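Each chain is listed here by its residues.
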Amino acid sequence: MMRKLTLSKDELERIIQICENIEKRGLNPFTVSVKSILENLRKLLEENPSLDHYILDAETMYRIATIIALQHKWLEEKAKALFIDAQMISTRLVAMDKKSIVQAFLKAWRPIISLEQMTTQRLRQGLDHFLSLPPRKGEREYGWKITEKELEMIKAKLKLEEKALIERLKELHQELIKEAGDRGEVDYWKFVIRESFHETFERAYLLSFLITEGYVDVRKNPLKDEIKLIPHEEKLKRRSPKSLVITIGGDRAER
Amino acid sequence: MIAATMLLFKSHRRPGIRGWELKNRLGKNYMRVVDALNSRLKPLGLEIKTVFEEGEENNLDKARFYVTLSHPLTMSDLVTAGWRIDEVAALAITLSTLSSRGGKASVKDVLEILETKFPRWKAEAYLEKAIRRGYIEKIEEETLAIGWRTRVEIDQKTLLKAILEHQESVGEKGTSKT
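Line by line, the protein sequences are chains A and B.
For the first sequence, the positions run 0 to 254 when numbering that gives the first Met the number 0 is used.
For the second sequence, the positions run 0 to 177 when numbering that gives the first Met the number 0 is used.
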């Protein structure tokens with residue numbers, strides 16, 4: 000009984016599939032015998048009076064109705080096209096040479112005449128297009144439209160980067176305190192300079208955050224050309240903060 | 000002047016202009032202006048064509064108005080206008096096939112006929128170009144249909160008739176030879 004039920008369902012789905020194919024691909028709708036399908040449908044429905052079948056049956060009926068409409072349209076088209084058979088046209092097209100085909104086409108062709116010119120709408124379209132272009136070399140530059148989704152992703156990425164930066168600052172602060180030890184101070188260049196310029200630059204950059212925040216004081220001795228770092232366990236409040244420019248590069252930055 | 004500018008200059012992505020746009024600029028008697036312009040264009044070998052929306056056959060406001068040639072082009076006109084004979088032949092084959100099949104056909108069927116005249120890569124390139132120009136459209140992954148430009152520029156019935164008639168005359172020649 001169960002097998003019979005599945006078979007009839009498959010049969011209905013097959014009919015739906017056939018009808019769908021004809022509709023979508025523009026095949027000849029008369030290839031389907033509507034009468035026999037309807038007879039089949041009645042038989043299947045009498046054998047399986049279940050809800051599932053009623054639903055499938057309704058869907059099949061809808062498809063058959065579409066096929067009937069397509070048959071009507073097909074006949075209309077055929078009548079309009081003077082009952083020209085598609086196969087006949089195909090055969091003749093294959094037999095004709097290109098020039099003859101073009102000559103026949105020219106009899107029916109009246110091309111549109113239109114002139115291209117710049118309009119305000121076109122300029123707006125151009126601007127929109129320009130603004131929607133991604134930057135070259137994968138860089139994010141002014142003018143690139145950011146979608147909502149991208150904005151969310153950027154925010155999430157920035158949060159992660161911020162977290163990593165705070166971690167790195169804490170590490171550097173602890174390293175500085177440890178290195179200063181009892182002396183309470185460290186030579187700036189000794190602390191900052193590492194094997195690669197990239198690393199040196201990164202340490203100097205992170206250190207500038209610690210200095211600005213008040214975790215590290217900087218003492219400069221112009222006579223000895225020395226810069227000393229004085230780390231503090233806690234953040235200090237600055238009374239009169241000053242800026243200090245330190246140039247990194249050249250011989251000094253490399254060991 | 001306004002009507003000619005609106006009809007001849009392309010102001011949207013597609014050429015042509017809607018009836019309601021003409022109505023906005025020319026007033027409710029815009030069809031009188033269109034008719035007057037049409038009579039002036041005729042001596043120049045041009046005409047105004049009205050294409051109605053499907054299912055809106057009497058609605059002029061929703062219809063599109065185009066300026067087209069009023070006479071057929073010659074082979075030399077075609078070459079002067081920058082068209083390649085091969086390209087036009089491919090377009091003619093595609094459109095005849097689609098028209099004879101009620102406006103739709105599978106890409107496979109169209110390519111099969113095109114491949115009797117061109118190598119596959121060329122046939123595919125011509126189909127792509129025809130899609131871009133609006134002569135045909137891809138409605139499904141594997142199905143082609145008549146596009147908006149064909150509905151404006153080509154009299155499909157005349158095309159099919161011309162294909163058949165041309166073939167018949169070739170057949171007659173062949174018979175007389177034998």
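A couple of the hints might just be wrong.
As the list claims (entries may be wrong) - DEER-style ranges, computed between Cβ atoms:
hint	chain 1	residue 1	chain 2	residue 2	range
1	B	K128	A	F129	21 to 29 Å
2	B	P118	A	E19	28 to 36 Å
3	A	E19	B	M0	28 to 36 Å
4	A	E46	B	W19	30 to 38 Å
5	B	E114	A	P48	29 to 37 Å
6	B	R119	A	L164	54 to 62 Å
7	A	L164	B	P118	30 to 38 Å
8	A	N27	B	K22	37 to 45 Å
9	A	N27	B	W19	37 to 45 Å
10	A	M117	B	W19	37 to 45 Å
11	A	S131	B	W19	42 to 50 Å
12	A	S131	B	R24	43 to 51 Å
13	A	L126	B	K22	27 to 35 Å
Unchecked claim - Think about it this way: if two alpha-carbon atoms lie no more than 25 Å apart in a straight line, the pair counts; the simulated SDA-like pairs of lysine to any residue are:
hint	chain 1	residue 1	chain 2	residue 2
14	B	K160	A	D96
15	A	K169	A	E147
16	A	K98	B	G133
17	A	K98	B	L25
18	A	K156	A	W188
19	A	K158	A	L209
20	A	K106	B	A2
21	A	K241	A	H172
22	A	K106	B	K41
23	B	K48	A	L209
24	B	K103	A	E212
25	B	K103	B	K41
26	A	K154	A	I83
27	B	K137	A	I83
If you are wondering where the hints come from, they were derived from the structure by calculation, not from laboratory data.
Owing to the predicted nature of the structure, the values given are computational and were not obtained by experimental measurement.
Where is the CB? At the ideal position from N, CA and C, for every residue including glycine.
Quick rundown of the hints versus the structure:
no.: 1; hint: K128/B with F129/A: 21 to 29 Å; in the structure: holds, 26 Å
no.: 2; hint: P118/B with E19/A: 28 to 36 Å; in the structure: holds, 34 Å
no.: 3; hint: E19/A with M0/B: 28 to 36 Å; in the structure: violated, 52 Å
no.: 4; hint: E46/A with W19/B: 30 to 38 Å; in the structure: violated, 56 Å
no.: 5; hint: E114/B with P48/A: 29 to 37 Å; in the structure: violated, 52 Å
no.: 6; hint: R119/B with L164/A: 54 to 62 Å; in the structure: holds, 57 Å
no.: 7; hint: L164/A with P118/B: 30 to 38 Å; in the structure: violated, 60 Å
no.: 8; hint: N27/A with K22/B: 37 to 45 Å; in the structure: holds, 42 Å
no.: 9; hint: N27/A with W19/B: 37 to 45 Å; in the structure: holds, 39 Å
no.: 10; hint: M117/A with W19/B: 37 to 45 Å; in the structure: violated, 24 Å
no.: 11; hint: S131/A with W19/B: 42 to 50 Å; in the structure: violated, 30 Å
no.: 12; hint: S131/A with R24/B: 43 to 51 Å; in the structure: violated, 31 Å
no.: 13; hint: L126/A with K22/B: 27 to 35 Å; in the structure: holds, 29 Å
no.: 14; hint: K160/B with D96/A; in the structure: holds, 17 Å
no.: 15; hint: K169/A with E147/A; in the structure: violated, 33 Å
no.: 16; hint: K98/A with G133/B; in the structure: holds, 23 Å
no.: 17; hint: K98/A with L25/B; in the structure: violated, 44 Å
no.: 18; hint: K156/A with W188/A; in the structure: violated, 32 Å
no.: 19; hint: K158/A with L209/A; in the structure: holds, 19 Å
no.: 20; hint: K106/A with A2/B; in the structure: violated, 28 Å
no.: 21; hint: K241/A with H172/A; in the structure: holds, 21 Å
no.: 22; hint: K106/A with K41/B; in the structure: holds, 18 Å
no.: 23; hint: K48/B with L209/A; in the structure: violated, 76 Å
no.: 24; hint: K103/B with E212/A; in the structure: violated, 72 Å
no.: 25; hint: K103/B with K41/B; in the structure: violated, 34 Å
no.: 26; hint: K154/A with I83/A; in the structure: violated, 64 Å
no.: 27; hint: K137/B with I83/A; in the structure: holds, 24 Å
In terms of the numbered hints stated before, the structure departs from hints 3, 4, 5, 7, 10, 11, 12, 15, 17, 18, 20, 23, 24, 25, 26, listed from lowest to highest.
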